[in-house]
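Undergrad: Sequence:
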Amino acid sequence: MNTALPERTPVSQRALHEAAGRGLRLLAADPRCRSAFTAPGSLLQDLLSPAAHRYVLAADRDAFLDHLGVLRAKSYRIAVEFVGEEAADPAEVERVVGEYLAVLAHEPVPEQLGFDLSNVGLALSRELCAANTARITSAAAARGSEVVLSMERAPAVDDVLGTYRELAADHANLGVTLQAYLHRTEGDLDAVPVAGRRIRLVKGAFVAPPEVALGRGPALDARYLRLAAALVDRGARLSLATQDPAILEAAARSGLLDRVEEIEMLHGVRPELLRSYRESGHACRIYATYGENWWLHLLHRLAEHPPMVLTALADIAERGQAEGRTVGAGY
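Take 1 as the starting number for the sequence shown in the UniProt record's numbering and just add one per residue.
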């Protein structure tokens with residue numbers, strides 16, 4: 001009897017990382033996992049909390065705002081988000097809006113806020129969502145801050161861009177995030193205000209079918225760079241929001257990196273890489289989050305760079321050390 005194992009087709013490291021990223025995004029979107037995470041006394045939340053501490057600066061607002069001072073002292077720009085998703089209860093929506101208004105009352109005031117429209121009322125009605133977005137954006141303008149709307153799953157893109165278009169004329173401090181992986185995005189450049197606006201360009205973190213979006217790989221990298229150049233040409237104040245060193249190197253070689261307004265990375269993801277660009281003279285922003293509803297945020301951060309799953313497991317194993325990690329380490 002032949003007991004030899006069948007030969008396996010070799011898998012490239014990039015292909016393995018892409019597959020792992022897809023798996024992490026599927027877990028992030030799985031309603032069973034999300035329900036288990038938000039359940040009272042959640043074991044899942046308790047087990048994963050040491051890993052989340054790397055990416056979520058604090059659970060409560062006061063500690064978070066204190067931590068921001070460490071990052072500001074290192075000459076980073078800051079964007080602030082209160083983590084959460086798809087708030088469907090009016091009281092919860094109002095609580096989220098109240099968090100952003102409270103952050104804006106703080107000294108020093110954060111210079112930029114970001115949030116999902118699904119967290120400020122989109123699940124209830126687009127009208128409520130637009131009204132709450134206008135409240136936050138007006139309060140931000142009064143403090144000299146800007147708001148950059150986050151992007152969501154493909155079915156919500158029309159609502160996000162529509163709300164942005166409706167509010168942009170009355171709110172000069174309002175910008176938006178665009179996702180390079182969506183096939184529609186190049187066409188969307190003609191449909192939304194771009195010139196003079198803060199536009200945050202990301203690859204795209206949500207699972208989407210091939211007829212809707214590109215998967216990770218060279219084709220997406222090329223599209224990302226093409227969109228970035230087009231946005232700069234149209235007068236956007238572009239945030240190159242990526243942790244991908246290959247993208248940044250290509251942008252540097254082409255001269256694009258000197259034309260964008262800033263490089264942005266998510267807190268906890270490749271801090272040494274962002275530091276290297278800051279030290280070379282580029283304006284750099286850290287997208288920093290706080291709060292307790294971080295399931296989606298954690299899984300998407302790991303999906304951005306799947307080898308960080310090993311770091312997450314080490315953080316879980318070394319729970320005490322992870323929870324006591326020095327703020328700003330690596331930056």
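Errors might be hidden in some of the hints.
With beta-carbon atoms standing in for the labels, derived distance ranges [said to hold, decoys possible]: (1) Gly217 x Gly162: 29 to 37 Å; (2) Asp66 x Ser12: 41 to 49 Å; (3) Glu272 x Arg319: 22 to 30 Å; (4) Asp258 x Asp46: 39 to 47 Å; (5) Arg253 x Ala91: 20 to 28 Å; (6) Leu44 x Arg253: 16 to 24 Å; (7) Ala20 x Leu44: 13 to 21 Å; (8) Leu44 x Ala169: 39 to 47 Å; (9) Pro218 x Glu272: 35 to 43 Å.
Computed list of lysine to aspartate or glutamate pairs in DMTMM-like fashion (alpha-carbon distance at most 20 Å, straight line) [said to hold, decoys possible]: (10) Lys74 x Glu107; (11) Lys74 x Glu249; (12) Lys203 x Asp244; (13) Lys74 x Glu94; (14) Lys203 x Glu18; (15) Lys203 x Glu166; (16) Lys74 x Glu262; (17) Lys203 x Glu186; (18) Lys74 x Asp89; (19) Lys203 x Glu249; (20) Lys74 x Glu261; (21) Lys74 x Glu272; (22) Lys74 x Glu111; (23) Lys203 x Asp158; (24) Lys203 x Glu279.
Hints are computed from structural coordinates only; laboratory data are not their basis.
No residue lacks a Cβ here, since even glycine has one placed at the ideal position from N, Cα and C.
Undergrad: All hints, please: hold or fail.
TA: Results for each hint:
Distance hint check: the CB atoms of Gly217 and Gly162 are about 30 Å apart, consistent with the given range 29 to 37 Å. Between Asp66 and Ser12 the beta carbons are some 44 Å apart, a value that agrees with the proposed interval 41 to 49 Å. Glu272 and Arg319 have their C-beta atoms about 24 Å apart, which keeps the hinted 22 to 30 Å range intact. Separation of Asp258 from Asp46 is about 46 Å and conforms to the stated range, judged on CB atoms against 39 to 47 Å.
For the hinted restraint 20 to 28 Å between Arg253 and Ala91, the CB-CB distance of approximately 51 Å leaves it violated. Taken as a hint, the range 16 to 24 Å is violated for the pair Leu44 and Arg253, whose Cβ atoms sit roughly 43 Å apart. Take Ala20 and Leu44: their Cβ atoms lie about 19 Å apart, and the range 13 to 21 Å holds. For the pair Leu44 and Ala169, the supplied restraint of 39 to 47 Å holds, since their beta-carbon distance comes to about 44 Å.
With their beta carbons about 25 Å apart, Pro218 and Glu272 fall outside the hinted range of 35 to 43 Å. The hinted pair formed by Lys74 and Glu107 meets the criterion: a straight-line CA distance of about 18 Å does not exceed 20 Å. Among the hinted pairs, Lys74 with Glu249 is inconsistent with the structure: their alpha-carbon atoms are about 23 Å apart, more than 20 Å. With a C-alpha separation of about 10 Å, the suggested pairing of Lys203 with Asp244 holds against the 20 Å cut-off.
As the CA atoms of Lys74 and Glu94 are separated by approximately 34 Å, the hinted pair breaks the 20 Å bound. This hinted pair checks out: Lys203 and Glu18 have alpha carbons roughly 13 Å apart, not beyond 20 Å. For the suggested pair Lys203 and Glu166, the alpha carbons sit about 25 Å apart, so the restraint of at most 20 Å is broken. A distance of roughly 16 Å separates the Cα atoms of Lys74 and Glu262; the hinted pair therefore holds under the 20 Å criterion.
This hinted pair checks out: Lys203 and Glu186 have alpha carbons roughly 13 Å apart, not beyond 20 Å. Distance hint between Lys74 and Asp89 is unfulfilled; the C-alpha atoms sit about 39 Å from each other, more than 20 Å. A threshold of 20 Å between alpha carbons decides the hint, and for Lys203 with Glu249 the separation of about 16 Å falls inside it, so the pair holds. Taking the CA atoms of Lys74 and Glu261, the gap is near 18 Å; set against the 20 Å cutoff, the hint holds.
Distance check on the hinted pair: Lys74 and Glu272 sit about 13 Å apart at the alpha-carbon level, within 20 Å; holds. Distance check on the hinted pair: Lys74 and Glu111 sit about 16 Å apart at the alpha-carbon level, within 20 Å; holds. Among the hinted pairs, Lys203 with Asp158 is consistent with the structure: their alpha-carbon atoms are about 18 Å apart, no more than 20 Å. This hinted pair does not check out: Lys203 and Glu279 have alpha carbons roughly 25 Å apart, beyond 20 Å.
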